[in-house]
Every structure is written in structure tokens, then in C-alpha cells.
Amino acid sequence: MIHGEIWTAKELWVLPNEYIIWAIQIVMYPFMTGLVAGSFVLSSLYHVFGIKRLEGIARFALVFSFALLPAALIPLLLHLQHPERGINVMMTPHFTSAIAAFGIVFSFYFAIVACEIWFLYRRHFIEHSRYLKELGRHKPVRFKILQFVHTVLTLGSFDTSEEAAQKDHKAIKFLASLGIPVALFLHGYAGFIFGSVKANALWLTPLMPVIFIVSAVVSGIALCLLSYIVVTEVRKWRSRRAQTRAVRATGPAGMTAVNLERYSAQSGEIQSVEISVVKMTSRFLLIFLVTAVSLELLDLVFRGYTAVNSWNILKDALYVRDYRNIFVFQYGLGAFVPLVLLLIPRLTLRRTVVATILVLFGVLMMRYNVVIGGQSFSETFAGYMHYKLPVIPYDLERLREGLVGALIVFIFPFILFYIYSKIFPVFLRESHGRE
Amino acid sequence: MSDELPEALPKEPTGSISRRDFLKKTGWIAAGVLAPAGALELIFGLKGASSAQAAEAATTAQTVPHWQFLVDANKCVGCGFCVKACKLENDVPYEADASRTWVERHVVTKDGVSHVDSPNSARDGFTTPDIDIGEGKTLQINPEDIAKAFFVPKLCNQCNHPPCVQVCPVGATYKGPDGVVLVDRTWCIGCGYCINACPYGARFFHPVYHTAEKCTFCEHRISKGLLPACVQACPFAARRIGNQNDPTDGVAEVIATQRVEVLKAEYGTNPQCFYIGLDSEVR
Amino acid sequence: MVFLVVVLLVARAIYIPGDFGIHGTFTYNFYRQANVTEWQSVPVKYQGRSYCGSCHQRNYDLIMASPHSVIQCENCHGPGIGHPDTVKKLPIGNSRQLCARCHTYLPYPASGRAVIPGIDPGAPHAPTGMECYDCHNPHQPVPLPNS
Numbered sequence: 001m002i003h004g005e006i007w008t009a010k011e012l013w014v015l016p017n018e019y020i021i022w023a024i025q026i027v028m029y030p031f032m033t034g035l036v037a038g039s040f041v042l043s044s045l046y047h048v049f050g051i052k053r054l055e056g057i058a059r060f061a062l063v064f065s066f067a068l069l070p071a072a073l074i075p076l077l078l079h080l081q082h083p084e085r086g087i088n089v090m091m092t093p094h095f096t097s098a099i100a101a102f103g104i105v106f107s108f109y110f111a112i113v114a115c116e117i118w119f120l121y122r123r124h125f126i127e128h129s130r131y132l133k134e135l136g137r138h139k140p141v142r143f144k145i146l147q148f149v150h151t152v153l154t155l156g157s158f159d160t161s162e163e164a165a166q167k168d169h170k171a172i173k174f175l176a177s178l179g180i181p182v183a184l185f186l187h188g189y190a191g192f193i194f195g196s197v198k199a200n201a202l203w204l205t206p207l208m209p210v211i212f213i214v215s216a217v218v219s220g221i222a223l224c225l226l227s228y229i230v231v232t233e234v235r236k237w238r239s240r241r242a243q244t245r246a247v248r249a250t251g252p253a254g255m256t257a258v259n260l261e262r263y264s265a266q267s268g269e270i271q272s273v274e275i276s277v278v279k280m281t282s283r284f285l286l287i288f289l290v291t292a293v294s295l296e297l298l299d300l301v302f303r304g305y306t307a308v309n310s311w312n313i314l315k316d317a318l319y320v321r322d323y324r325n326i327f328v329f330q331y332g333l334g335a336f337v338p339l340v341l342l343l344i345p346r347l348t349l350r351r352t353v354v355a356t357i358l359v360l361f362g363v364l365m366m367r368y369n370v371v372i373g374g375q376s377f378s379e380t381f382a383g384y385m386h387y388k389l390p391v392i393p394y395d396l397e398r399l400r401e402g403l404v405g406a407l408i409v410f411i412f413p414f415i416l417f418y419i420y421s422k423i424f425p426v427f428l429r430e431s432h433g434r435e
Numbered sequence: 001m002s003d004e005l006p007e008a009l010p011k012e013p014t015g016s017i018s019r020r021d022f023l024k025k026t027g028w029i030a031a032g033v034l035a036p037a038g039a040l041e042l043i044f045g046l047k048g049a050s051s052a053q054a055a056e057a058a059t060t061a062q063t064v065p066h067w068q069f070l071v072d073a074n075k076c077v078g079c080g081f082c083v084k085a086c087k088l089e090n091d092v093p094y095e096a097d098a099s100r101t102w103v104e105r106h107v108v109t110k111d112g113v114s115h116v117d118s119p120n121s122a123r124d125g126f127t128t129p130d131i132d133i134g135e136g137k138t139l140q141i142n143p144e145d146i147a148k149a150f151f152v153p154k155l156c157n158q159c160n161h162p163p164c165v166q167v168c169p170v171g172a173t174y175k176g177p178d179g180v181v182l183v184d185r186t187w188c189i190g191c192g193y194c195i196n197a198c199p200y201g202a203r204f205f206h207p208v209y210h211t212a213e214k215c216t217f218c219e220h221r222i223s224k225g226l227l228p229a230c231v232q233a234c235p236f237a238a239r240r241i242g243n244q245n246d247p248t249d250g251v252a253e254v255i256a257t258q259r260v261e262v263l264k265a266e267y268g269t270n271p272q273c274f275y276i277g278l279d280s281e282v283r
Numbered sequence: 001m002v003f004l005v006v007v008l009l010v011a012r013a014i015y016i017p018g019d020f021g022i023h024g025t026f027t028y029n030f031y032r033q034a035n036v037t038e039w040q041s042v043p044v045k046y047q048g049r050s051y052c053g054s055c056h057q058r059n060y061d062l063i064m065a066s067p068h069s070v071i072q073c074e075n076c077h078g079p080g081i082g083h084p085d086t087v088k089k090l091p092i093g094n095s096r097q098l099c100a101r102c103h104t105y106l107p108y109p110a111s112g113r114a115v116i117p118g119i120d121p122g123a124p125h126a127p128t129g130m131e132c133y134d135c136h137n138p139h140q141p142v143p144l145p146n147s
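Chains as they are written, first to last, in the working numbering: chain A, 1 to 435; chain B, 1 to 283; chain C, 1 to 147.
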């Protein structure tokens, strides 16, 4: 079997060696890097541009970005025919290739996010390791592990003075500013990988990196917003449950007024913060969404107007064969519907959740339509290739580049985020200190 | 520099950044940007060609061949012996549906529609008038409706500006000293970028080695003075190979002195595979 | 930190083959030089007709005097590598499909196919199990007088 033969069906005149060789993992790769870049930009909106109302989501977005980073690497390794040689990209980078810079940009970006997170949580690590130390020798193993982790993470710096905090703050701002261009570069060049392939009529456009960046920010914001709402709802639910439990344990009479107030205040505070953050964030989501769709439509209009050699087959591929994927799923469900949902006044949480899920779906479809759509017609402009996603993984190839592989890539960052959130509490507010 | 500026330009504003300062700062920024680039070159630049090597290369330039291919599509009968020979000579699994070289059949009907196919890369030739239209279906064409029909052999164009080499992230594919584009099977990571970057569909993944695979003009044969397997196997001299650096080479002379075409010249790849008898609808 | 960089650089120096580098321009000639020799030393499989003729003189002379002289022996018999030392016998390709590669009639006036005698390989002899070589010797493709 030639690589790609499993999921490619040819129709009319397709060159013998042509197959869809960049499959679902290459759809996942720009999708995941897009989420990385987008969530970083969201966190930087607060850290660099000081948009105060985003404070609640800034830390959250940064830690999420950190959790998404390794997930951007996995699809690449899963799709390589020789993943064990992946290190060659770092060893003998051929810089005329858009892929060659990946290792360097990726590591650099990883370092920036790691440093920023360290500065952001340095004080927290110190306080926590001290606090856990004060608990004495006899404590659960879980605490001992946590104490060890926190102490190691302080990296031997125990300065919690106001001066040090000032320095931390400066460092965070610097790293966040440095991170924006790097994050955009990390993703813009993913667009460049496609946009610079002159052999592919659909991919070849200088707009590709820009479109990729803007839709990356869209998807990143949408995912952060969605996860933020979900996590906050869980916290609210927990706090309410704790309240009812306390009431049940002691009886309403036994519950002191102070206690009751504390619980309801806690859940009320979460509520108000949530709404304010959601409204602000969804406004940014709207701006980027409109920009992304405008750019994509501009590209489409240009192709139709200039109508070069490839337009005949592109027209057929875009308007006929992939009509459902492009105009119904990507633009309709993925852009137009959420646009309306977010624009209707008096935004509710439920509406935001639906809108963000649709936006994420739309961006995923955009990646799919670019990556698979670009390979769905022949270089002869006289034939088509149809992609069939392998669902049941009854061999390694179908596992790696099938539905299961894609799901692994998608779920992985959420697991990582859960683990990270144990070490980096994402709802720590700078003004409040420890939660 | 300031002398060349038109008079109408405002004088250097006081209080804000002066032009001299600006230039100075730009210089520093440029240096700041370039310094890491220099360091990168130090670290990643690896061994470039030394001056001794360069001198050596200059003296041997006349003796090192530069291979070019000449296809006379008028002569091709679509027997597919070239494809069979190529697959067996170069260990491309015979049953695999991909090949380093292939033969296309172009049938243009009187309504101006072209019907093109290359079943199994034409490994077994064309033994039926029905056109393979994919998905296991064939198309019958009434001989009365045929306006013109012909065969076109294709292979890697060994471009002088190969986009496949440009996009290889690790230096696993390259243009060798004799102009042939080769793939290093021990270094290829299998990303598939080169396959997507080739406008001619000349590349595919080798089903055994899982590295990018392509025509080498039979490097192991031409470097020993033999003909490529496909050229040797062609009964009708539709395929020929020549050395541009050899003034006595007949094929190179045809390419240089007669009217020949290349495929997809608009991609700027500068192909080294030349065609006689190509039709405008062949892409 | 410095130590780490040194370790990485040393590891890199060991990992990358010594002849990997720019042998011309960075864009097109960045490679491991030994690979060219590796490609050049791939064994040659198709030996060419003169190699076959050095032993099979009779068949060689026969085909060279026929209209099939343009066809290489190995086109039908397969590559001669290892023959006769390790590969004792090469296949005798004489199937109907093999002849049909050139002799299927195709209505393509603009191609070289038009000047070759062409038949419909499906009729009339295919159903009877008769092979082309029952009447036509591929080495001397004129009908035998006694058929």
C-alpha cells in the first residue's frame, strides 16, 4: 500500500502517484497550534495591553496555552513516516523549508511560555511550599509530593519582597510582549507551509499565513472562553454543593449566618466575575471572527475574479463538491450562526457556550477544507480525490491517521491542563493572593 | 545620504529622535537581528564548500555530466515496457499503485473534451480502448468521436530549481552534482512536503522504506555509462537521455537546437526533461 | 548552562555524518555527500541485449533479423541480474497480455500505435485457449507456414 491509498479514492484523471498524503493529523496540527497561539494572545491582552476585565481569564488562557503546546507536536509525530528521525529537523535544518524552523520556533515559544508561567506563579510556589512545610512531617503523601514539586519549582528563589514582585511583573510583561510575535510567527508560518506550495492551486496565496493567524486567535479565544465557562460552572456547582452539605450536616439552625454568607458570597462572586469576563472576551472573539471571515471571503473573491488556469477546477471543488463542508459547515454553522448568537443583545452563558462550540467547529472545518480540500483535486486540474477518514483503527496506519489518532490529539491537552491546574491554580487573582 | 534627500523634506525635528540617532539605532537593531543569524549559521550552517573544494569543482565542471531527458511523444505507442523496467530495476514493488515513471493516454474527442488515464501507471501498457476514470469505472469512447489521441511518458523532470528540494526541512533530498535530484533514504523523515511541493506528481512514499521516492534517471546506471532502464527498454526511442556538458552528445544537441517543450513552465522549476510532440492540453 | 550547550553541540556533532553539508548552494545542494555514491552503487538489474546474446546466440540472431529487433530481450524475459549464476532460469514471457501491450488495436491515428499491426486481443482466439505464440514466434513474428 502506498501511503495515502487507504483513505484516497480517485475520480477522473489523477496522476498515478497522487494521493492525499497529508491527512487528518495535518488538519489537527494547525488546529492545535492555532489554539496555542490564540490562547496566548488572549492572555497577553491582559498582561501586555492591560485590559483589566480580562484578568479572570488571562492566567487560565496562559496555562491552557502551555497545556496545548505538546499537543501541537503530537500530530506531527503521528503523521511522520519516520517519527524516530524527527530530531533531524533540529539537527540539519534546511532553512529554505518552512518546516525547518519549526523545532527552533517551537522550543523558543515553549521556553517563553514556561518562563512567563514561572514568573507568574513564583510567589505562589514559595508560599505554597512554605505552607506545606509548616504542616509538619505527618501529612498525607499527596501533600508531601506537592511540597516537593512546589519547592523544586521555586528554583531556589525565595524572595517574596515587594521589589521582587515588581521584577516578576516586569518580566511577565516583557515575556508576554515577546510571546505575541513568536506565537503569531509559530502559527503564521504554519500558514506559510501551505501558502508557499506553488504546486497546489488552493494553497498558493500570500493571504494564507494571515488567514491562519486570525482564525488561530479566533479558535484560541473560543476554546478558552468555553473552557472558562465550563470550569467556572463546575466551581459554582461545587461551592453550592458544599453549601447544601454544610446545611444538611448541621441543619439550617446550626448554620451560622456568617457561614451562609460566605458560601453565597463565594458563588455570587464567581457568577459576577464570570459574566463580565465572558462579555469582554466574546467581544474580542467577535472582532477576530469578522476579520477572519472577511479575509477568507476576500481570498475567494480574488480567485473568482482573476480566474487563472486553476479556477475551473477550484470552482467545482469549492462550490460543488465541497459545498457542504465549506459553505454549510465552515461559513454557515462555524461563522454566521455564532456571529448572530454573539450579536443578539443580552448575551447569556448558554448562548456563548453554543457559539464558542460552533466557532471551534468552524475553525476545525476551515483547517480541514484547506488541508484536505487542497489535496482533493489533481495537479492535472482534471480529476478529483476523495478523502475517507479511517474510523476503526484495525492497523497502526489507521490508528495514527484516523479518527482515534485525531481524538487522542484533541483530548490530550485537556488531561494535561487538568494536571497543570493542580500545580498552577488558574483562578489565582493577583490582587487576592492565595485563593 | 542626506544630500540626496529632496529639499522639501522637513528639517530634523528638535526634541524628537534625530535622523542620525535613528540610523544609529536602526543599525544596532539590524546588528541585533543579524548577530543571532550569524550565530545560527555558526551552529547550524555546517560545513560549506571550502575554497579548495570550490576550485576542484571548477576544474571538474567540464567532466561532470549534467543529465537531460528527451521524450518524443510522437513515437510512444503506450506499451509500458518502460514502466515495467523501471519498477523492476529500482525495486518499486510491482503491485504498488505508484511508479517513478508512467505513461499517460490522452484521448481528445471531437467535442474538445480530453479523456486521460494511466491505469496502474501503464505498467501493463494499454490493452483496451476503454478509459479508466477511477473508482473502478471505465468509459467507452466511440472511435468515430476521437479527434486526436496519443501517449505521453512522464518521469521526474530533475528541475534545475526543484521545489521539492527547496521545501525539504532536513536536507534529505538534494540536487546531486550531475543534476539528478536524489533522496537520502537514511535521512528522510517522511513528512511528505516534497511530495506535495512537486507540481508534476513525480514523488510518492516508497511502500517499503517509507521515505520519499522518485526517479533518479537510474543514477546507478548512467554513472556507469549505461542507459536508464526505461530508455533501454523503450523499443521506439521515445525516451532518450543526454549530457548537456558533452559537446558531442546527440540528445543534448537536439534539445539545444530543435524546438522542444517542457511541462508546466509557468511554475519556474526549469525542468530538465524536454518533450517533442507535446499537446497544449498535457499538464 | 554552558555545559548543556557543549553537551548538545557534541551530541549533534556525533549524530550528523561528517560529510553532511552544503555542496554548492544551500537551497539545492545541502546533503550527505556519501549518499550520491550509495545511489551510484545500486546493482544494475537490466543487463541489455548484448549480455544475453553472448550465450543465446541463436535467439539473439533470430530476433535481431526480425521486426522485433527493437524489443530488448529483458522486456519479456525480465531483468538478467544473477542469471545464470544464481537465477538459473528467467521467465519466458509469452502471455497474450504481453503481446497485447503493442498489438491491441487502438483507434489513435496521432500516436505511434497506428503503424503497428493491431488486433482485438479478446477475439477470436482468446476463448479457445489458443495463445499468440501457437502461431507467432516472438523471436520471428511471421506466421509459421504449417499453422
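Everything labelled a hint here was simulated from the structure, so no lab data went into it. Please read all numbers here as calculations on a predicted model, not as lab measurements. Please note that a few of the clues may not be correct.
Stated by the list, open to error - Under the rule of at most 30 Å between Cα atoms (straight-line distance), these lysine-lysine pairs were calculated in the BS3-like manner:
#1 B:K224 with C:K88
#2 A:K422 with A:K144
#3 B:K224 with C:K45
#4 A:K198 with B:K224
#5 B:K110 with B:K75
#6 B:K137 with A:K388
#7 A:K315 with A:K52
#8 A:K315 with B:K264
#9 B:K148 with B:K224
#10 B:K264 with B:K75
#11 C:K45 with B:K75
#12 A:K315 with B:K148
#13 B:K137 with B:K75
#14 A:K315 with A:K139
#15 B:K110 with A:K315
#16 B:K137 with B:K148
#17 A:K315 with B:K137
#18 B:K264 with C:K89
#19 A:K422 with A:K236
Unchecked claim - Example chain B residues on the side facing chain A (calculated, C-beta under 7 Å, incomplete):
#20 Y94
#21 A96
#22 N196
As the list claims (entries may be wrong) - From chain C, some residues computed to sit far from chain B (all C-beta separations above 12 Å):
#23 I22
#24 Q40
#25 H56
#26 R58
Note that beta-carbon positions come from the ideal geometry of N, C-alpha and C, so glycine has one too.
Hints and how they fare:
1. B:K224 with C:K88: holds (26 Å)
2. A:K422 with A:K144: holds (14 Å)
3. B:K224 with C:K45: Holds - the C-alpha atoms of C:K45 and B:K224 are around 13 Å apart, at most 30 Å.
4. A:K198 with B:K224: Violated. A:K198 to B:K224 sits at ~35 Å, over the 30 Å cutoff.
5. B:K110 with B:K75: OK: B:K110 and B:K75 at ~23 Å, within 30 Å.
6. B:K137 with A:K388: Given that 30 Å is the threshold and the Cα spacing comes to 19 Å, the pair holds.
7. A:K315 with A:K52: violated (46 Å)
8. A:K315 with B:K264: Given pair A:K315, B:K264 holds - Cα atoms ~21 Å apart, limit 30 Å.
9. B:K148 with B:K224: violated (40 Å)
10. B:K264 with B:K75: Holds, because 21 Å separates the two Cα atoms, which is no more than 30 Å.
11. C:K45 with B:K75: holds (26 Å)
12. A:K315 with B:K148: Since the Cα atoms of A:K315 and B:K148 sit roughly 28 Å apart, the hinted pair holds (cutoff 30 Å).
13. B:K137 with B:K75: holds (29 Å)
14. A:K315 with A:K139: Not OK: A:K315 and A:K139 at ~68 Å, beyond 30 Å, violated.
15. B:K110 with A:K315: holds (25 Å)
16. B:K137 with B:K148: Distance of about 22 Å is within 30 Å: holds.
17. A:K315 with B:K137: Between A:K315 and B:K137 the Cα gap is close to 24 Å, so the pair holds against 30 Å.
18. B:K264 with C:K89: Since the Cα atoms of B:K264 and C:K89 sit roughly 45 Å apart, the hinted pair is violated (cutoff 30 Å).
19. A:K422 with A:K236: Measuring from Cα to Cα gives roughly 18 Å; hence the hint holds.
20. Y94: Since the shortest Cβ distance to chain A is 13 Å, the answer is violated.
21. A96: holds (6 Å)
22. N196: holds (6 Å)
23. I22: C:I22 is in fact no farther than 12 Å from some Cβ atom of chain B, at 5 Å.
24. Q40: With a cut-off of 12 Å, C:Q40 comes too close to chain B, as the shortest Cβ separation is near 4 Å.
25. H56: Given that every Cβ of chain B is farther than 12 Å from that of C:H56, nearest at about 18 Å, it holds.
26. R58: holds (21 Å)
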